[in-house]
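K.L.:
Listed here are the chains, written in short residue letters.
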Amino acid sequence: MKDMSYQALMGRKNEIMKAAVGLDYSRFELSGLAFNYEAMMAAPGLDLAQIAAVQRDYAIGNTPLIELKNITALARALAPSGMGARIFVKDEACNPSGSFKARRAALSVYTARKLGYKGVVTATSGNYGAAVASCAAKAGLNCIVVQECFDSRGVGQPEIVEKARKCEAFGAEVLQLSVGPELFYVFLRLLEDTGYFNASLYTPYAILGIQTLGAEIAKQCRAQLGRDPDIVVCTNAGGGNLTGTAQGLKALGCHAQTVAASVNLKGLHMASDEQFNRKSFTTGHTGFGMPFASWPDRSDVPRSAARPLRYMDSYYTVTQGEVFFMTETLAALEGMERGPAGNISLAAAFSLAQTMPANQMIVVQETEYTGAGKHHNAQLAFARSQGIDIRFGDPQDEIPGQSIVLPQAPEMIQAQKIDLDHLRRSLIRKATEGHTGVLSDQEITYLARECNCDQDFVLSTYGEGL
Amino acid sequence: MASKGDWVRIHSVVLEPGQRAPQVPEDTARVPLELWIKGYLQADAKPGDQVRVLTRTGRLLEGKLLEGGLDYTHSFGAYVPEVTQIGEMVRARLRSIES
Numbered sequence: 001m002k003d004m005s006y007q008a009l010m011g012r013k014n015e016i017m018k019a020a021v022g023l024d025y026s027r028f029e030l031s032g033l034a035f036n037y038e039a040m041m042a043a044p045g046l047d048l049a050q051i052a053a054v055q056r057d058y059a060i061g062n063t064p065l066i067e068l069k070n071i072t073a074l075a076r077a078l079a080p081s082g083m084g085a086r087i088f089v090k091d092e093a094c095n096p097s098g099s100f101k102a103r104r105a106a107l108s109v110y111t112a113r114k115l116g117y118k119g120v121v122t123a124t125s126g127n128y129g130a131a132v133a134s135c136a137a138k139a140g141l142n143c144i145v146v147q148e149c150f151d152s153r154g155v156g157q158p159e160i161v162e163k164a165r166k167c168e169a170f171g172a173e174v175l176q177l178s179v180g181p182e183l184f185y186v187f188l189r190l191l192e193d194t195g196y197f198n199a200s201l202y203t204p205y206a207i208l209g210i211q212t213l214g215a216e217i218a219k220q221c222r223a224q225l226g227r228d229p230d231i232v233v234c235t236n237a238g239g240g241n242l243t244g245t246a247q248g249l250k251a252l253g254c255h256a257q258t259v260a261a262s263v264n265l266k267g268l269h270m271a272s273d274e275q276f277n278r279k280s281f282t283t284g285h286t287g288f289g290m291p292f293a294s295w296p297d298r299s300d301v302p303r304s305a306a307r308p309l310r311y312m313d314s315y316y317t318v319t320q321g322e323v324f325f326m327t328e329t330l331a332a333l334e335g336m337e338r339g340p341a342g343n344i345s346l347a348a349a350f351s352l353a354q355t356m357p358a359n360q361m362i363v364v365q366e367t368e369y370t371g372a373g374k375h376h377n378a379q380l381a382f383a384r385s386q387g388i389d390i391r392f393g394d395p396q397d398e399i400p401g402q403s404i405v406l407p408q409a410p411e412m413i414q415a416q417k418i419d420l421d422h423l424r425r426s427l428i429r430k431a432t433e434g435h436t437g438v439l440s441d442q443e444i445t446y447l448a449r450e451c452n453c454d455q456d457f458v459l460s461t462y463g464e465g466l
Numbered sequence: 001m002a003s004k005g006d007w008v009r010i011h012s013v014v015l016e017p018g019q020r021a022p023q024v025p026e027d028t029a030r031v032p033l034e035l036w037i038k039g040y041l042q043a044d045a046k047p048g049d050q051v052r053v054l055t056r057t058g059r060l061l062e063g064k065l066l067e068g069g070l071d072y073t074h075s076f077g078a079y080v081p082e083v084t085q086i087g088e089m090v091r092a093r094l095r096s097i098e099s
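Chains as they are written, first to last, in this note's numbering: chain A, 1 to 466; chain B, 1 to 99.
Check each hint, because a few of them may be wrong.
[To be verified] DSBU-like mimics (lysine-lysine), calculated; alpha carbons at most 35 Å apart, straight line:
#	chain 1	residue 1	chain 2	residue 2
1	A	Lys118	B	Lys4
2	A	Lys266	A	Lys13
3	B	Lys4	A	Lys138
4	A	Lys266	B	Lys4
5	A	Lys219	A	Lys250
6	B	Lys46	A	Lys13
7	A	Lys430	A	Lys2
8	B	Lys4	B	Lys64
9	A	Lys2	B	Lys46
10	A	Lys250	A	Lys18
11	B	Lys46	A	Lys118
12	B	Lys46	A	Lys219
13	A	Lys69	A	Lys266
14	A	Lys219	B	Lys64
15	A	Lys138	A	Lys114
16	B	Lys4	B	Lys46
17	A	Lys266	A	Lys2
18	A	Lys114	A	Lys219
19	A	Lys18	B	Lys64
20	A	Lys69	A	Lys219
21	A	Lys430	A	Lys18
22	B	Lys46	B	Lys64
23	A	Lys417	A	Lys430
24	B	Lys64	A	Lys2
25	A	Lys2	A	Lys18
26	A	Lys417	A	Lys250
27	A	Lys430	A	Lys250
28	A	Lys114	A	Lys250
29	A	Lys266	A	Lys118
30	A	Lys250	A	Lys69
Simulated from the structure, these hints should not be mistaken for laboratory data. This one's a predicted model, so the numbers in the text were calculated from it and none came from an experiment.
Extracted from the complex, chain B is given alone in its bound form:
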């Protein structure tokens, strides 16, 4: 349950598959054009409800209320051994040039 005034994320469909631009490739034409945006919830609601939000620039937008989606979870990624190996390789090459 989310309360009026909460900062939330909503989802909506801008163009259905049949409304996509004529030039899009087939894999893109098969799926809708979707939109995600954040704003202040205008009335109490539960995830999945159709709601209205007031965005950062003061626009009222409608969409489906999403659960969460406010966390930043991107990271430096899982360990990639090749990155370490490149560093070792070029350091060793430079040392051999200097000697």
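Looking at chain A on its own, in the form it has when it is part of the complex:
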């Protein structure tokens, strides 16, 4: 009889994971703290055309790129003369499961089937669960989705409750848990019990799948406008969205800046039972975005394929109130009702567009489906029922967990820039923790790539820590 205690199971993590992802990560380890990221991404042996073909089989991709002319007009009216870039949105809600996550799920499910697994397991409270369930339904594989859903009072976050419904609609088995990081323990136990494939968000498959999103943006901008976009804004949580999109843009030779955007949930503890239902965003927030950017390997695989600091040109936060405001604005001015989490990058783009010349263009690279539970009215009504103070005012006065401050006027939407060097230093410190000797050339090169910085920055940060 195997020891199923928390500590014992976590101790078997590496062997369970190796069996569940069909990939031996030790192959990519280099000497010291470095590993060969490029070799890991190449291991599945799939190029962009092959990835697109797999996704076409699942009716995924080729979503429309839509110009938001009225929102652009509003941004221009608030911007100095001659400023106000054209704002476009990639309508990823058109994918079968209602979000860009379908792209990530398709390659995971395709790989699971090809390698002969009978089913897939995924740990997610968000759109990814629905995406995996949708692809598994089409592929004829069993699917189990593990969600963190309820607090200890049994109160479910409405967006997550909706996601459970959607997963069940696609035939998945949904395992719902109360709050806590031990979700990972339950997840490992499931992988061990079932022998199913780990449809992690962080394997090379899950990131390669997003490359088509970046590539489609480059192609569509060229076909529709005869030019490349200047900025592509990606909502950032675990970092996969930004990583894959940037890789897809680069593969097409598109040099648009890749900008990350997260909802500011500063001060809220992501593992807190009492604070769980005091936030209105279950993803796309700084509670994931910051720690995953500064330490990608905290994910559920030995080496994460999502390494956003390598590709991030800048990183902005917006508030919950700003995102709800833009979500309603998208419906009111463009006739597009979409989910709030997909509009985090729209809120940032609305602010950034006002700082760009009018002849430039900025692309918001996703939308998500909306409906009962997920709709911004549902989220605001739930927040109010949990005692959150919802009012008009200056969104910068918002205190996550206590208030949601809706902008008094659209000019109050002001994305706030994060200091990327702070995240870079944090990554270098974590990677070199316990390291006392001289860093090898290979390690220095690796860390410089990890942080998209020069070698002097790596050395001076490392030197400070000694």
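Go by the hints and put chain B onto chain A.
P.N.:
The following block gives chain B in isolation, referenced to the frame of chain A:
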């Protein structure tokens, strides 16, 4: 009373408060890690009984039988006047720009 073969929802405790992961904050450490799942009931039972269910993927799991819990009750939520006001505000701004 539920009959063998009914689609039901069960509840169980995965980790008791003393067994929680060392890194969880104090409010979370005080409460158990709970689990809810649905499946086909393996024998007649009444709510509160310890039962076995066969899940969608064919796994046999044990837990306490719950009354109901099968309805989807999430909605678009109670009326939030601020949502209407945002719509009015941005439509009015756009009209003033166009004129």
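K.L.:
Which hints from the list above does the structure break, by number from lowest to highest?
P.N.:
4, 6, 12, 14, 17 and 29
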